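Q: Residue strings, one per chain:
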Amino acid sequence: MNVNKANEGMNDSNIAHTSITPPSATGELLVILGHAPHGSSLLREGLDMALVAAAFGRRVSLLFMGQGCWALQPGQGEGALGQKGTQSTLEMLEMYDIDNIMVEAESLERLGLESSDLVLSVSVVDAASVQQAIASHTLVMNF
Amino acid sequence: MRYGILLLGAPYSNQAAHSALRFARTIIARGHQLDSVFFYHEGVHNAARLAAPPQDEPHLVDGWAELQREHGVKLDVCIAAALRRGLMDEEQAGRHGKEGHSVERPFELTGLGQLVDLGLRCDRLVTFAP
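In the order they appear, the protein sequences are chains R and Z. full-length UniProt numbering puts the first residue of the first sequence at 1, with every later residue one more than the last. full-length UniProt numbering puts the first residue of the second sequence at 1, with every later residue one more than the last.
Hint data in this document are derived by calculation from the structure and do not stem from the laboratory. Be aware that a few hints might be false.
Label pairs and their in silico Cβ distance ranges [claimed, not checked]:
hint, chain 1, residue 1, chain 2, residue 2, range
1, R, 138, Z, 104, 41 to 51 Å
2, Z, 31, R, 81, 44 to 54 Å
3, Z, 2, R, 131, 38 to 48 Å
4, Z, 49, R, 128, 41 to 51 Å
5, R, 88, Z, 49, 27 to 37 Å
6, Z, 33, R, 138, 14 to 24 Å
7, R, 128, Z, 98, 22 to 32 Å
8, R, 136, Z, 62, 37 to 47 Å
Covered stretches of chain Z (in silico footprint by chain R; criterion: 3 or more residues with CB under 8 Å from a CB of chain R, positions within the stretch not fixed) [stated by the list, open to error]:
hint, stretch
9, 10-18
10, 56-64
All values derive from a computational prediction rather than experimental measurement. Glycine residues also receive a C-beta, built at the ideal position from the N, C-alpha and C atoms.
Looking at chain Z on its own, in the form it has when it is part of the complex (with noise of 0.2 Å):
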């Protein structure tokens, strides 16, 4: 079956980004598809290429990245809730007139369209919120 994951929830603030993430490793593991996790409302901090957890807690940025480059799973950050929340690439922020940035590839930034495609092109879409 094909899938895409919808993750409202924040890291390491409630259940929703490690379920999110074990629901993922599992979909895969039984041989179904998933094609994208999209990262909304809260769930755009999951995207923070600075996230340093301590050693003993599982680390979520690492997580998904590792979802991307084992299994070619997309993961979009909607723009305009990362933005309004200090999560930006380098692109914006050249744009935004800021020093550093806080998202790195694998991660994008990109519309809500690609969400509504997202829901429609699968045969699942999975909310995991806070």
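Here chain R stands alone, though its shape is the one from the complex (with noise of 0.2 Å):
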């Protein structure tokens, strides 16, 4: 969860050294949130899914991934077509004590962003890891 300690010797030509393996709590349900935040109301309804389940008691996980980790650039509010964004609902994630949350270093790194800049502090982590998180939660649904 600690954003510092997954950058710490943070080199741009081993990704996999930028890495921490995810917390060791699994969960029931993952959503994978692959899509960016504008242009389809995919990822805002995966996140609306996550909520839902967080609402019922679910244990909820959430991975970012490719276009999706946009969302966690700031200033992914309200735009100009009067979609209402994102980033009211990262800001409910706590409230729904959903706090195991994961960005794909390499999915970072094409995107030329920094876990420092995002608006949540993430979990960056590793393809291996991802795969981990993947085997380790009952449920996992993709956006």
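Hints in hand, dock the two standalone chains.
A: If you want it as structure tokens, here you go:
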């Protein structure tokens, strides 16, 4: 969960070393968010799914991958199209006790994002940890 | 095996709904149990009771209804995703002051909690997305 720890010894040439393993606690539901926050409502509806599951008392983890990582950039609020944006939903995660939030390292790297710039405290995870996260959750949902 | 299906794709726009229906029929034909199909995101359009595709194309809405009639598969539609896209049953139409309704049984408007339950209850939840 500690972003700074995750970034210790960060070395652009070897992404694997920037990663930490996800928190040992496994969850019931893993929601994978792979679509950008604007342009389609998939990411927002995936987040809605996560909030509802948490409201029903399920242990929920989130994994941002690919274009989904853009949601963690500051400023993803209401835009010119009148879409709600995803930032307000992200701000509610803590209230719903969703604190296992993972971001795939290679996606961040590819998009030129730094975990220190993101709006949430996240675990930056490598591909092996993504596998582990998928295997350790009872239910995995892809949005 | 006990299955659930999550359908995120609209009918006649991409392959998702066609594949989901074929998959549903196949798992039943192979002796598996299909508990429920959950319609979310653009998948809610599969519940449009006014859908009138040309006769030489598969009628997806009728296809889903047939699954329910013949095999007892529940057809659950996310109410929040449906309402904002103009899909509502008679009760919701009354509540929102709309003339006419666009969803009817065997499709049922329900909440996302049903989807969580479905996923955790079944051995496999298979998603069909655009």
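Q: Each hint: holds or not?
A: Now the hints, each set against the structure:
1. R:138 / Z:104: 41 to 51 Å: violated (34 Å)
2. Z:31 / R:81: 44 to 54 Å: holds (48 Å)
3. Z:2 / R:131: 38 to 48 Å: Violated, at about 25 Å.
4. Z:49 / R:128: 41 to 51 Å: holds (48 Å)
5. R:88 / Z:49: 27 to 37 Å: Since residue 88 of chain R and residue 49 of chain Z have Cβ atoms about 34 Å apart, the given range 27 to 37 Å holds.
6. Z:33 / R:138: 14 to 24 Å: holds (19 Å)
7. R:128 / Z:98: 22 to 32 Å: violated (52 Å)
8. R:136 / Z:62: 37 to 47 Å: Taking Cβ atoms as reference, residue 136 of chain R and residue 62 of chain Z lie about 41 Å apart, which means the hint holds.
9. 10-18: violated (count 0)
10. 56-64: violated (count 0)
Consistency note: the structure conflicts with the earlier hints numbered 1, 3, 7, 9, 10.
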